[in-house]
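**Q** Please model the complete structure; the sequences and the hints are all you need to start from.
Number 9 in the UniProt record's numbering belongs to position 9 of the sequence shown; there are no gaps in the numbering.
To be clear, the hints were calculated from the coordinates, so they are not data collected in a lab. Keep in mind it's a predicted model, so treat the numbers as computed, not measured. We put the CB at the ideal spot given by N, CA and C, even for glycine.
With a straight-line cut-off of 30 Å between C-alpha atoms, the simulated BS3-like cross-links for lysine-lysine are:
#1 Lys17 with Lys147
#2 Lys28 with Lys12
#3 Lys28 with Lys4
#4 Lys87 with Lys115
#5 Lys211 with Lys119
#6 Lys12 with Lys191
#7 Lys26 with Lys147
#8 Lys27 with Lys17
#9 Lys147 with Lys87
#10 Lys26 with Lys133
#11 Lys119 with Lys62
#12 Lys200 with Lys179
#13 Lys17 with Lys200
#14 Lys147 with Lys14
#15 Lys179 with Lys116
#16 Lys200 with Lys116
#17 Lys27 with Lys14
#18 Lys211 with Lys230
#19 Lys27 with Lys200
#20 Lys62 with Lys116
#21 Lys179 with Lys62
Label-pair distances were calculated between CB atoms; the ranges are:
#22 Val37 with Gln223: 17 to 25 Å
#23 Phe215 with Arg2: 16 to 24 Å
#24 Tyr184 with Thr29: 38 to 46 Å
#25 Leu33 with Gln73: 27 to 35 Å
#26 Asp153 with Arg72: 26 to 34 Å
#27 Ser185 with Leu33: 42 to 50 Å
#28 Phe54 with Asp8: 36 to 44 Å
#29 Ser51 with Lys112: 22 to 30 Å
#30 Ile197 with Ile226: 18 to 26 Å
#31 Gln73 with Lys200: 19 to 27 Å
#32 Leu50 with Gln187: 37 to 45 Å
#33 Asp8 with Glu186: 37 to 45 Å
#34 Lys112 with Val37: 37 to 45 Å
#35 Arg63 with Glu155: 40 to 48 Å
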Amino acid sequence: MRLKQWEDLPEKMKNDKVLPYYDIIKKKTASLLWKRVFDICLSVVLLVVLSWLFLILAILIKRDSCGPVLYRQTRITQFYRPFTIYKFRTMTDHGEQMGALVTTQNDMRITKIGKKIRKYRLDELPQLVNVLKGDMTFVGTRPEVLKYVECYDEEMYATLLMPAGITSLASIRFKDEEKILSAYSEQEIDKAYQSVILPKKMQYNLDYLRKFSFFYDLQLCFQTIIAVCKK
Numbered sequence: 001m002r003l004k005q006w007e008d009l010p011e012k013m014k015n016d017k018v019l020p021y022y023d024i025i026k027k028k029t030a031s032l033l034w035k036r037v038f039d040i041c042l043s044v045v046l047l048v049v050l051s052w053l054f055l056i057l058a059i060l061i062k063r064d065s066c067g068p069v070l071y072r073q074t075r076i077t078q079f080y081r082p083f084t085i086y087k088f089r090t091m092t093d094h095g096e097q098m099g100a101l102v103t104t105q106n107d108m109r110i111t112k113i114g115k116k117i118r119k120y121r122l123d124e125l126p127q128l129v130n131v132l133k134g135d136m137t138f139v140g141t142r143p144e145v146l147k148y149v150e151c152y153d154e155e156m157y158a159t160l161l162m163p164a165g166i167t168s169l170a171s172i173r174f175k176d177e178e179k180i181l182s183a184y185s186e187q188e189i190d191k192a193y194q195s196v197i198l199p200k201k202m203q204y205n206l207d208y209l210r211k212f213s214f215f216y217d218l219q220l221c222f223q224t225i226i227a228v229c230k231k
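**A** In structure tokens:
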């Protein structure tokens, strides 16, 4: 995992608010290397060990509703680069076209089996492929769609110095995000996410960059496992 030279960053990222975070990460060469080694090794192991679970979930999804097993969406990762994220489909086919980009606790678009899969975050498992490809990492800022990234203030762009992650401190703290959004009407959900939840999540994400180290990543991985098991 390499950090680009400052002059090679996208123009939106080259600002005075991002520079302090860039300087912090630039000094963590060893942690960046171990982070990528960890990503490759663990993603390969999990893809092999959990292959049976992938098959079972695929069968359950196909039996539960019409549509593809996998859900694909364009998100933004490191250095403002778009990529295709993979998830097990938990909504009705084309569900993302029938409502907000984010989901709520009692979202009618979520299928019966989808609710169970989402409860334990099993829908995220296909992202192991994204991690192996280098589009994502195990620990890092959750990838957003372009619509939300375009709402970032100058400091928030610092989160794009690192690859998007499967889990993060923000994900752990906002594990009940869908419940929070349920308090808003369907017309208000996107706006509420952008103005209320996203800024708070970004504070956690920026704090992660300040504290970044390979061992801190391991700590957050364990915290994620504990948080999921408590559901």
